[in-house]
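Engineer: What follows is the residue order along each chain.
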Amino acid sequence: MSSFIPMGPKVAVLLPEIIVFGGSVLVSIVGLNRSKTLRKSVPLLAVCTLLAALVAIALGYSNEAAEQAGVLMPHFNKIIKTIILVVGIGLVAISVGHIDRRMEDAVARGATTFDPMRVVRGEFYAFMLLSICGAMLIPGSPDLIWLFLALELTSLPTYIMVAMSRGTRRAQEAAVKYFFLGAMSTAVFLYGFALIYGSAGSLQLNTIQKVFSAQIESGGIDTLGMTGFILCILGFCYKLAAAPMHFYAPDVYEGASNPVTGFLSFIPKIAGFSALALLLTTVGWTGHSIISETGTVVSGLPAPILATLWMICALTMTLGNIGALLQKSVKRMLAYSSIAHSGYMVLAIIAGPGLGFEALLFYLISYGVTNLAIFGALSGLQKRGEDVERFEELSGIARRYPGLAAWLAIGSGSLMGMPPLLGFWAKLMLFMAGIQAGHTPLVIIAAINSAVSVWYYLRLIGVPSFSPPGTSSEGVIKGPSSWPRFAGAVAAVVVVLLPFFASRMLGNSLDFSPVRPASTVKPVNTTTEHVPTEKPTQAFDTALQRSPHVEQAQLALHCSPTRL
Amino acid sequence: MMSLLCTSDTHSSAHAVVTAIVNAIPSPELSWTGWILSLPAISVVLTGLCCALRVKGKLPGWITVLALAGSFALVLKLYFLRGDAGAPVVVHLWDWMNFSWGDQSKWHSLQADVSVYVDSLTLFWLLFVTGLGTLIAIYATEYMESDVGKGYSRFFNGVSVFILAMCTLVMADNLLLLYLGWEGVGLASYLLIGYYYKKPAAVAAGKKAFIVNRIGDLGLAVGIWLIWVNYGSIEFNTLFQVWQDTERGVGGFDKSLIPYCLMLGAFGKSAQLPLYVWLPDAMEGPTPVSALIHAATMVTAGVYLIARTYPLFALHPDALATVAWVGGLTALFAATIGMAQYDFKRVFAYSTISQLGYMFMGLGVGTTFGAAYHTLTHAFFKALLFLTAGAIMHGFAGQLDLRKLSGLRKVPGFKIVSWTMLIGCLWLSAFPFSAGMLSKDLILVQALSINNHGFVWLGWIGLITAAMTAYYSFRVWFRVCAGPVFYVAGEDNHDDHDAHDHAHAAHPAPAAHAKHEFHPHAPRWAMNGVLLIIMLGAFATGIPGYMELRGQSNWAQVMIAHSSAFAGSVQAHVTDAVNFGMNPHQLVEVFGTIASLGGIAIAMYFHLLQRKSADKLRAWLLAHNSIRWIPVAMENKWYVDELYHACIRGPAWIAGHILHFTDKHVVDGLMVNGVGRIPSALGGLFQPLYNGVLQGYATTMAGGSALVVAWIVYRWLVSGAAS
Amino acid sequence: MTYFLAVNASGASHAVTITLAMSALLFTIGLVGFLVRRNMILMFLCTEIMFQAAALAFIAFGRMRMDTGGQVFVIFILTIAAAEAALALGLVILLFRRKETLSSEAWSELHE
Amino acid sequence: MIQYLLLLLPIISALIICLSSPRAAKWIAFIGSIATFIAAAIFAVQFPHWMTGGFWPDLRTAPILGQFGVDLQIGVDSVSLMLVLLTVFLTPLAIAGSFSAITTHMREYYAWFMILLASMLLAFMSRDMIFFYVGYEFTLIPMFFLISIWGGPMRGPAAIKFFIFTFLGSVFTLAAVIFVAVRHFDSVGTWTFAIADLVKFSSTQLSDKEQFWVFVGLMTGFAIKTPFFPTHAWLPLAHDQAPTGGSVILAGILLKLGTYGVFRFALPMAPMGAVECTTFFAILGIIAILYMSLVCWVQTDIKKLIAYSSVSHMGFVVLGLFALNPIGLQGAVMYMVNHGLSTGALFLCIGMIYERYHTKDMDQLGGLVSKMPVWSFFMIIFTLSSVGLPGLNGFVGEFLCLMGAFVAEHDQPAGYPGVLHPWYAVVAALGLILGAMYLLIMLGKIVWGTLREPHGDAHAEHATMELPTDLNFREIAVLAPIAVACLAIGLYPKPLLDAVEPCVKEVLVNYPAVIDAYNAKRGLVNPTAPVQKVEASQ
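Chains as they are written, first to last, in my numbering: chain A, 54 to 617; chain B, 430 to 1152; chain C, 761 to 872; chain D, 5 to 542.
No wet-lab data here; the hints were simulated from the structure. Treat the hints loosely; a few may be bogus.
Claimed, not checked - Each computed DSBU-like pair below joins lysine-lysine, with the alpha-carbon atoms no more than 35 Å apart:
1. D:449 to B:485
2. D:449 to B:833
3. D:498 to B:506
4. D:449 to D:204
5. D:525 to B:684
6. B:684 to D:449
7. B:684 to D:509
8. B:535 to D:525
9. C:859 to A:381
10. B:1093 to A:381
11. B:579 to D:449
12. B:487 to D:449
13. C:859 to A:63
14. B:627 to B:1045
Unchecked claim - Covered, in the sense of this in silico footprint (three residues per stretch, anywhere, with C-beta under 8 Å from a C-beta of chain B), are these stretches of chain D:
15. 21 to 34
16. 38 to 49
17. 117 to 127
As the list claims (entries may be wrong) - For the chain D half of the interface with chain A, some residues (derived, Cβ under 10 Å), not all of them:
18. 426
19. 430
20. 431
21. 487
Ideal Cβ placement from N, Cα and C applies to all residues, glycine included.
Can you make the complete structure from the sequences, with help from the hints?
Structural biologist: Next up, the structure:
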């Protein structure tokens, strides 16, 4: 597919982000307008922006251009962006009617007049779009600076969104926790970036990939780089809400309003996963020996990284699921469930490109859409102008709102992996990827975990459907806007029907070929299209010729006994 | 076809030894024999319909009688067509559990069709099963008349089921079909014993019969499996050919187990020693049922089974000896209990067990003819006894206690009953020249003639038992029919649907003022007629015995001799063995007569002439601590039921409770719920970490990261050390 | 550590080594400070220290690798730090208005 | 195309039910299920492989994840078809049996019922492992709703335990299936989940150890579903608490999914794994038979008793399956069908009593024959069928299962050596006695004896107005077909046995050699083993 819009490759690749960025500016301005109709159209504008970006991807994105622009994984980039945009539209939709709810009510009643200083709707959607924009920028990052900035662009707006989403003490507490711990984690991966930079001597991911390929060829990545990677992984874990950096998630998810929780459980996660996938692409999944008792060479990530991810994967799944069992708040429960799903997806990362990335993408789609169904239903309800978030508030609502209960049930079913819903197929692919990569024990842990998860997902099915309506669920009524419910309905329908089109969907993603580090391909298999193994090393050497110290460093690099 | 059926020329010789079992001829043209089964089946359906339509009237009874009579007629037709000594025929009706893998050869298929194997043994049994069945059904049409419109259809339905199952059992061409009939008669027995379902005792007795029979059935089932494993087929015709060949028939532990397994089945169905307990309780059923099922026919199924598989037993002398000894001991044991019972129906029940013991003894010591002949005579005289007992029950509102009835022969309308009962008792006590004596003697002579496995002792046990039998049978007759007229009505009529209301309306006369207001109602033509016919039958059954005694060929002997039952049976040389200077024949004649007459005389003394002395004797026995256990134990049936209860049912019941507890609290509670709690418990373990304090989270995150790093360093060190 | 020692052995890059050590020290100070202080302003400053530690490391590595990228990165780190500062101070003020305290422990309403 | 109609008809009826009025729901469901039955009957008539084995129709269509070999491939062999027929036979009866019992949320009830029907049919008809799993697993959802909404007082815990327990097991099954598919991909290079391909690959290409773990994985799910002995804890509660229709389907068909899984997947896929575990599972089967019989003995709740007896009966199926010879397997398949009929019918009978008296407690009920003779008649028939009385259907399966286990010795001359010993069958056969014991005790308590009814005349007080004292025409019409089927199968099982035989041989195709090798390893040489195999083993 070639682009027919005549533009430089970088601009063509970035067009969607530019559109979304422009949209965010527009939205923030329109939100301040005195006209109620215009103010009301803010979410619509945001949706239009995202749709425009989707169109831009469809028409303007080409893998060749992206590769020219230095994108490491062009097709992956495209799909991630598309997923973000599609789910983003839903996330915008489910947040309609929540922001400025009281003020708009007051204005409508005539109790107060419009005051631009007190409205935040424009900003809210602008931040939303900015965060989405940030997330879209991640998979296409050509270098570490870009990656860092994109990650921050994803995160910073979300901190504010949490604070402004409800204006309550709890929301502010959530925001402050989210922010401070986020800043800490940022510092951690930033330091990791520094160490990677120190080891590779470049910020360009292409170069980093070559350098590390060379290092791997010559025995292994040095301690500096490896430490950097591990710090990065730990820092990214915060974005994924993965152990051991997941502790904030329950509190923050609980404190934020329902639509924002939905947002938090998806956008930072996909951002984190694309960043992780991108960064790990520089060391690759093939040709490394992992720790194995028999001493055989098994393809996979470098041993320490693999061990880290293995641990993170197992811990995250387990801690997420067992944590969710005890919750009384739906949102806390969903926070833990979100943690658990991060764990499953780490399994896909471990499995690597090919089946693993496919599983990751499929899982992200499934998780995003399913989350939309659940949060759409939750956001579509209110109790005295407040969010519905406790289980007992949901009890028996199926009698009044069978549709919403059905979305919740479908969402829960999909999350637990009940065939034939979307989540099952995602989990199926995940397990296939995991087993094919030789990580059957992890798959078994995941399987047990998904059985444990049934317990709390069943509550989300059962409480609305079977529990008798109680005092706390009496006041629950439909929310002010029908957008969230509509979005939830669409998402639920997609959850049910998408599996039937999964073949076509995955058919597209099958031909995505991540740019593999050339030198990781074993010499025997080397073909003309790959760079010969010596070449990057030579280039690297010549690049280092300028400094006399570097020779020493290079020497030390090769002679260092502390290879991992 | 006739030529095939009437090939026998052995009428001339009484003791013709059949050396080979003739291979059965597939005879599709005889498919009408299927109607012997179909008629009762139709009766089952029709009486079932009567049941559903709540027919009021005796219609179901007559349907059954007609169907059974039809069956009997067909059996007669078959008998006359075939003669005494025709070759066996196989008539294939339809495929049942019949399948194969590989080919149809042995071990590669299981052939268990619904097909009929008719030889003389089958016919012998069929004749008295259908014949007596018809008669008893006629009797029951009157006996059960108080239940018309209530349980009448159900009763005849049960009878039809029984005859159907019994005919299937007898006519089966393979062991599995026999098993079907076997269980079928058990079912019929269950349904009919529990006929008075409002009586807890009846329900319990039905259950007990079925379950105890199931123990025997288990043996039969295992026997069938073993036979299939060892011989590759379960069709009699094939098996007989194998069993005749000693080479293929015996060898190995498995094969030697087979007769014991079959024996267990036979003992269950025929109420032999370890498994006899159900039969006395089965007397809770209506009396015609007791007569038909629990005296004349069903209980002889065990005898039939062993007779049918006799070629196999003949290969295992030890197994035969076991059969003989179990039979002999059962005969003695049941007789001791029978002497001390007051319920005269139970006395007859124990006498049945005792007589069945004789039959097994006969099988065991090698005279299948003796056993089969005793089965025949016993069927008649025991049916007679039970039917008279039934008539008395019918007349006296269920009274069965022989202490509460006396002098019935003088009560108007009970004359026929009393005198036919006398015939029955005489036959039972092997009165000289009665059919009972003739058949019993055949067995005892054989036992005394063969000095194997201590069979001589068995013969003496048989003689002692004969004396006891004479005593207890005449104890009943002298008490009930002789002596001064005296009666107390029973507690109620047959329990029927409307229970007590109805009973009180009809007979407002329980014990208290029975004498003044109670009028026994005498049996009418159907009951009396049947009693007389059966009495004549009982006389007739003596004929083959006389002919045998005189060394003449007779139909019974020829029939048995030309069946599989005779193959391998031992021909004793009667004149060889000598005791007290007499050969066994003389010995049995002399001592048998002494035993019979002596028993009757003692009974006469205690129960007719000096009735008080019986009580005195009992009181005297009870007064002496050293011997009081004897009458107490005998009256309490040697506490066998209690023993079973304590040793089997009790422990199993306790085990059930323990296991239920285990299931609830260990498997479900501890294992499942316990494991189910692990995730939540683990979750609770980690809960303090989510304490809501910012620093806490930061510290945990940092600590967690440190742990991950430590893990990597550890893995690195380990792998470093390894390499 | 061998890596650093090796560089050290040449005797030529003392400055880089010291800078890196400094950076590590700074990061540790920042982290420890973040963990032990309760005052939100101070906690925020600690995160800034960690950021700057990273920035210092970038500079040192840039110097070591003779690459300007590290220095470029520092500029962006400063920018982001400024943005975070704005955000943090805004949040802290918001919170202070609510509870009249800067202690982070006052904000632990959300917990299990 | 009728095979798709078979799947679509229930779904379409479910949709129509959702749109219809609650009053019409039951009739639509009934008509829909009858239509499905007719479709299945036509399908069965068209089915060409009754006596020859093999699948029909043999089409590969509707790829869902085509590039991973996940196709919606529908096809049956005679065993599947028998279970399909059982399903479509029982479902209309269960629906008709629910007419008066279900008075609330009727639309939902019948809609879920039809969805349940569709998913069971999918499980039995799928020739793709993943779609088998889809159907197998999805049955949980309708059943979860059926129990949770219309169940007894303990319905919540019952439904959840049922769901989690079976789900936990089946994820292992899924993992094992995926493992085989991945190994197939690794060595062949194409993805497939087609049962035939994977079975062929797995049974021949996987190593002993891999087969063992595949077998263990598969069995974890199937053992819980069946349920085998220690994993039965969900069953009594679920059966007890489910509404009548739910219990019927649960006991009649859903349990068979487990044994069907063993028959269709576990045994053919991993013969080497299976022989390793045979003794273990056979012992579990025997324990189930005896242990559950004793537990049944002390039950006072009729429905619980029947539920426990299901576990006991499934023990016979397990024993038959692990006899690993044609008799045992044929017996097991027969038992599946027969247990479905008789236990389903028993649950229907109990439901009818419950509708009238609102109790299932045997201590409160008794002597019902005098009040409800028709009901008692059916109850007796089905109980006797459960007891395994020859001439009724229960006997055929039971006897063959036991006989199969009995002849499963290493030196079996029939060409199908086994791993067990006759003692297994003899001990298990004690279950015949115990089974008769508890079932007759049950009959003795509730059918026979003097009339006992719950305090006062609860009958008049609670009973739904439309129900007469004894069964009404509808209820008789529900039970009578099952009774006829019981009798018919009992007297003429030959067609079914013939139909099962080729499938059974297909399942066992690898076994004789594998078992001979395994036994030789244990020091038990089969003298009748084919010569070349002996040479090969040397």
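Engineer: Verify the interface restraint on residue 430 (chain D): the C-beta must sit less than 10 Å from at least one C-beta of chain A.
Structural biologist: Violated, about 38 Å.
Engineer: Quick check: the region 117 to 127 of chain D, covered by chain B? Criterion 3+ residues, Cβ under 8 Å.
Structural biologist: Coverage by chain B is violated for the region 117 to 127 of chain D (0 residues, Cβ < 8 Å).
Engineer: With a cut-off of 35 Å on the C-alpha distance, tell me whether residue 449 (chain D) and residue 485 (chain B) pass.
Structural biologist: holds, 28 Å
Engineer: Using a Cβ cutoff of 8 Å, are there at least 3 residues of the region 21 to 34 of chain D near chain B, or does the coverage claim fail?
Structural biologist: Contact hint for the region 21 to 34 of chain D vs chain B: violated, 0 residues under 8 Å.
Engineer: Residue 684 (chain B) and residue 449 (chain D): Cα distance at most 35 Å?
Structural biologist: violated, 42 Å
Engineer: Would the stated hint for residue 431 (chain D) survive a check requiring a Cβ distance to chain A of less than 10 Å?
Structural biologist: Since chain A brings no Cβ nearer than about 34 Å to residue 431 (chain D), farther than 10 Å, the hint is violated.
Engineer: Take a quick look at whether residue 535 (chain B) and residue 525 (chain D) sit within 35 Å of each other, Cα to Cα.
Structural biologist: Cα-Cα ~29 Å, so holds.
Engineer: CA of residue 684 (chain B) to CA of residue 509 (chain D), is that 35 Å or under?
Structural biologist: holds, 29 Å
Engineer: For the pair we were handed, residue 859 (chain C) and residue 63 (chain A), check the Cα-Cα distance against 35 Å.
Structural biologist: Measuring from Cα to Cα gives roughly 49 Å; hence the hint is violated.
Engineer: For the pair we were handed, residue 498 (chain D) and residue 506 (chain B), check the Cα-Cα distance against 35 Å.
Structural biologist: This hinted pair holds, its Cα atoms lying about 32 Å apart.
Engineer: The hint names residue 426 (chain D) as touching chain A; please verify it with the least Cβ-Cβ distance against 10 Å.
Structural biologist: violated, 38 Å
Engineer: Residue 859 (chain C) and residue 381 (chain A): Cα distance at most 35 Å?
Structural biologist: holds, 27 Å
In terms of the numbered hints stated before, the structure departs from hints 4, 6, 13, 14, 15, 16, 17, 18, 19, 20, 21, listed from lowest to highest.
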